[in-house]
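A.B. asks: Here is what each chain is made of, one letter per residue.
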Amino acid sequence: MIGQQAAEGLVARVLYSSAVDGPGNRAVVFLQGCDFDCAYCHNPETRNLCDHCGACVGACPAGALSIAEGGGEGGERRVVWDETVCRDCGACVRACPKGSSPKTRRMTAAEILARLERRKPFLSGITVSGGECGLQAAFLEDLAVAARAAGLPVLVDTNGSTDYSARPRLVEAAEGFMLDVKAWDQGVHRALTLAGNDAVKRNLGYLAGAGKLAEVRVVVAPGLVDAEACVRGIAEVLRTAGAAGRTVLKLIAFRREGVRPARVALPGPGREELEALAALARSEGMGNVVIV
Amino acid sequence: MRAALDAVRDRSLTVSQKYMALARVAESTVKALPVSDAVQALRDSGVICDLYEGAAPFRPRYVVPDYGRFVKQGSAFLGLEPPRDLDEALASLLVLYRHVPSITGFPVYVGDLDALIEPFLDGADEDGARKAVRLFLLQMDRTLTDSFVHGDLGPRETRAGRLIIEESRKLKCAVPNLSLKYDPDLTPDGFALLAAECALDVAKPSFANHRIFSEDFRRLGFEDYAVVSCYNGLPKGGGSCTLVRLNLAKLAPLARDRADLLERALPEAVRLQLEYMDARVRFLVEESGFFESDFLVKEGLVSFERFTAMFGLVGLAECVDAHSEGRLYGRDDEADAFGLEIVRRISEQVAAHRAPCLEAALGRYLLHAQVGIDDDKGVSPGCRIPVGREPELTAHILRSAPFHKYFPSGIGDVFAFEPTARRNPRHLLDIAKGAMASGLRYFSAYAADADVVRITGYLVKRCDLERRDRTPDLQNSAVLGRNAVNNLGVLDRRVRP
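From first to last, the protein sequence lines are chains A and B. By this note's numbering, the letter at position 259 of the first sequence is numbered 259, and the numbering carries on one by one without gaps. Count along the second sequence from 1, add 1000, and you get the number used in this note's numbering.
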């Protein structure tokens, strides 16, 4: 790596403490940009990349946004975000014609670890999430390697669209992967996410076989997700890989709060439906099923 | 006489609470202590306050018996042989608790419970031992009726420790308050995790930083310490004669500016509080006869050489805010640095003082971050960041930690967590361990919907907090808790995700 420039990640947010992004207390690094467009997305502002159109600048009540003409690497105009004045009110996101956010920052793995230095005694590790962190695989790999060396194991929270078998160094360095299976049937998956799921299924088998699949998640959203097929399909792949007993299967009840109303009108699942799915998963050999 | 009649007629007090109220009235009729005009002026303005200790101290405020010695030797005064099995041990302890004095009438320390009980579990069957421990805890809650009653656990894992934590979690009682003495080298994760899970449900045990406490007390010349009452660190086999507090929130307006505060108002107030403490200590030691006549002293369960006294302070946040031109304590680094300077100055002046008639710690008084009293309004406990402006969780702990080293006799922070934290108790344990590693002396946590709520340092059952019918409370501390909820916004603490 000597002489080579460290990869930069486009970071939407660094959270110092989270109870819901993996076991123990974890710092969370959210990366900007996602290649799925899930109907039930709860963080739609992390999907698209900012194109520096400047529409948000006037909308900011705190004066935290400004335009820097020629501020970009190629001399193009940039929207600049001043974190110290930002009140996190969300006006910029509401004003963005792309539904994106100007509050991102280019950071190297070393910069992220420097930020977390004082927090280390509090942390079980770092979870990298998004957006879709797999889209910035070079940076993700750097971060996983550097964080592990610093004593902070990395969990990768991913939609599985990136082929991780092509990234053995990342897979080796990461503590594990938390993989979303959005839908099992290709057609259902396309309808829900506007993308296919061949890569997701390949990753499911590959990561399970590599002993790096920490958790598989299915968001149970009636009418949008073929949850039963997901449970059966996941169980079959994991049984084949010999990982069904140890891998956590999380069944997450869809909640309407925070979702773009134009995309979803349906209510979440009932408790009975979740319990029935959990029972199915157990009968299919899954050893660690959790309802959230 | 009016006050006495009021106490007699009060429909919201039990008869035993009336005895206590009447005793306080009687004590207030005597003028036993020499109090200078300057001290009296600061008492009248609320800058110096003795926290209802009374006008003629006749027992130390905090008595910390060596219960280990008691179970080895029994008691001649109580007519008890040394206990031979678990039933005898628990019965003997319950007898002794009844005779350990304090300001409230109930013992502020009931022992390092796990270490006391563990030897008697040899050969005891699991179900029998569990039932005995449950009844022991239940009897404490229903007879030692205020939650300044405090027991210690750890740092090592024991069968007794597990039983006490598991049964406390099931019983959901406010009494006893519990601390886990935590040392990363001695306390296994599994045991600490059990404590964290219990804390989410019943707000105890808290995590006490065993390394910091034991080092501090060793340096002060004591073999061992206990955490008692709210979170007070005190020498085991001794205690504290008195606790008087300096209300910095009320001192702040008496100073023109920062320089005037640091150079004039503060050192003068500290000097006067020390003078007042000296007078109280001298009366207790030389006039009351406690150290000559009480059986705890005669039988060696406490000894005079291990009695110190506590110099308390409260309302640092409001004092700093008053002299920081809009910058806020807990939010602004410069304001925090000024707070640290205030505490450093107090600490230096207190450390330089020698009590005229105490031998413990060479006559030094120990600094204590007092949590407030129930009628305080707009006065934050000790050095705490006020409710309503708490920073992000780990930032909060890192901001608070530098203050903790100055307070060997107690300082602590309390954190409320989302109920969903129960799905990942390891998260709370990570935070507690990080807090200990960052130099926090004492860390308390509970889930925002827990059955027991930590008020400032003591505990009250949620149902007692929510009661509004003005009938008597079994536990005195429930009354304090209701007032504190109104005056200090205890239930409005930032809930941590």
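Simulated from the structure, these hints should not be mistaken for laboratory data. Heads up, some of the hints might be wrong.
Each computed DSSO-like pair below joins lysine-lysine, with the alpha-carbon atoms no more than 30 Å apart [stated by the list, open to error]: (1) B:K1131 x B:K1018; (2) A:K250 x A:K120; (3) B:K1031 x B:K1405; (4) A:K250 x B:K1170; (5) A:K212 x A:K201; (6) B:K1298 x A:K120.
A.B. asks: Taking the hints in turn, state whether each one holds.
C.D. replies: The hints, checked one at a time:
{"no.": "1", "hint": "B:K1131 x B:K1018", "in the structure": "violated (34 Å)"}
{"no.": "2", "hint": "A:K250 x A:K120", "in the structure": "holds (27 Å)"}
{"no.": "3", "hint": "B:K1031 x B:K1405", "in the structure": "violated (37 Å)"}
{"no.": "4", "hint": "A:K250 x B:K1170", "in the structure": "holds (28 Å)"}
{"no.": "5", "hint": "A:K212 x A:K201", "in the structure": "holds (15 Å)"}
{"no.": "6", "hint": "B:K1298 x A:K120", "in the structure": "violated (50 Å)"}
Comparing the model with each earlier hint shows violations of hints 1, 3, 6; every other hint is respected.
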